[in-house]
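Can you make the complete structure from the sequences, with help from the hints?
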Amino acid sequence: MSEKLFVADKLQRVLPAYPDDSLLRAAELMAQGGAGVLPIIEYGAPVGVLTESRLREAIQRGTDWLEPVAPWMDENFLRLPIDTPLEEAFETLAYAEQPALGVDPWGRYVGVVTLAGLAARPISLPQIGMIGGMATPLGVYLTNGVASAGAGGLGLALTGALLFTLFLLANWLVIGGMWWAQERFGVPLYSYYNSPFAGQWFLFSDVMGLVLRSSIFVVFLLLMRLLPIAGTHAAEHMVVHAIERGEPLTLEVVRRMPRVHPRCGTNLVAGIALFLGLSKAFQFGAPDGDARDFALLMALLFTLLFWRSFGALLQWVATTKPPTDRQLLQAIRVGEELLRKARPMGGATPPFGLRLLHSGLLQILLGAWGLMAILYLLESLLGITLIVQ
21 MSEKLFVADK LQRVLPAYPD DSLLRAAELM AQGGAGVLPI IEYGAPVGVL
71 TESRLREAIQ RGTDWLEPVA PWMDENFLRL PIDTPLEEAF ETLAYAEQPA
121 LGVDPWGRYV GVVTLAGLAA RPISLPQIGM IGGMATPLGV YLTNGVASAG
171 AGGLGLALTG ALLFTLFLLA NWLVIGGMWW AQERFGVPLY SYYNSPFAGQ
221 WFLFSDVMGL VLRSSIFVVF LLLMRLLPIA GTHAAEHMVV HAIERGEPLT
271 LEVVRRMPRV HPRCGTNLVA GIALFLGLSK AFQFGAPDGD ARDFALLMAL
321 LFTLLFWRSF GALLQWVATT KPPTDRQLLQ AIRVGEELLR KARPMGGATP
371 PFGLRLLHSG LLQILLGAWG LMAILYLLES LLGITLIVQ
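Residue numbers for the sequence shown follow the numbering used here, beginning at 21 and rising by one.
Think of the hints as simulated: they come from the structure by calculation, not from any bench.
Quick reminder that beta carbons are idealized off the backbone N, C-alpha and C, glycines included.
All clues stand as given, with none of them false.
Label-pair ranges, simulated between beta-carbon atoms:
hint, residue 1, residue 2, range
1, Pro88, Arg312, 51 to 61 Å
2, Val273, Glu62, 38 to 48 Å
3, Leu35, Thr185, 46 to 56 Å
4, Arg276, Ala116, 43 to 53 Å
5, Leu158, Pro342, 18 to 28 Å
6, Pro105, Arg346, 33 to 43 Å
7, Pro88, Arg353, 47 to 57 Å
Next up, the structure:
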């Protein structure tokens with residue numbers, strides 16, 4: 021059984037012109053595109069096409085080559101959704117006088133569709149765009165902004181709840197451990213933790229307070245490393261690497277992929293943590309005013325230089341770990357599902373709202389806030405402390 025093909029598989033990526041481009045520029049683009057028509061777009065959507073006949077008419081009338089192309093574009097043109105099956109596109113173009121413009125579900129221009137291209141042009145690799153993903157307790161989630169695959173909204177919400185639980189547990193372990201050590205052995209760790217900063221390196225209480233506060237983040241990362249989700253996170257990265265390199269999604273190939281990815285959200289967390297830590301460290305002993313401003317500037321500079329390296333290190337030692345074959349196979353199935361869903365929409369540019377929805381950030385925040393609300397409700401009903409600070 022042959023694989024079903026769509027217009028997105030046979031698009032000719034012709035660089036478009038704008039209505040205020042010169043006729044000379046439009047003619048150059050038409051020659052480079054080689055499709056017989058030149059798309060004219062405005063705000064991403066096609067508003068007309070320049071054809072050989074219209075260009076010939078402009079020349080016959082002695083039009084200046086530097087005049088805008090808008091008066092000479094043909095506003096009567098054919099649009100074809102890029103998720104149109106190839107058989108249907110053949111039937112449509114067979115009775116059309118000129119090539120069609122392929123548009124995404126939001127009416128944006130993607131490419132030119134010619135009858136010759138549908139019949140004989142080699143199939144191009146799917147243009148699925150930049151892939152993002154999440155590791156969830158229910159498995160891998162992948163998206164390109166237009167389509168999504170794998171763990172759905174429930175899995176993403178559970179990720180938010182899990183991250184909040186780990187942060188809460190890290191707080192309990194560190195703060196509870198400090199309180200226990202202070203009560204049991206008289207070591208004033210809890211007092212150091214609660215003591216206000218004086219901003220002096222030579223004060224032991226300042227140094228200990230900074231170390232103890234930072235230890236919560238370290239314990240949070242250690243807890244994440246211990247859970248299976250770290251392996252799921254690595255499997256997600258490895259499948260994304262394989263897709264972006266054009267490799268086949270087989271277990272043998274995906275096993276060879278790196279588990280650190282440059283676009284991982286860990287890098288953002290690492291950058292924030294690095295800036296906060298460096299800004300606090302550089303401001304130790306600095307007087308108010310210009311010295312503190314300079315310290316913040318230096319912290320920002322160091323963060324810009326090293327946040328990706330620091331993020332890659334955190335991915336390697338904490339937020340990912342070598343995945344099991346079962347985790348890799350699940351991630352591969354999700355990758356194949358995403359490619360299957362995204363293929364008919366190849367080259368489409370989703371609106372911001374859809375990208376935000378598919379990013380998973382809203383669902384993760386909803387899961388974290390939902391658990392927080394439940395814990396606050398239990399605190400008020402039972403009169404106990406669940407969220408420590």
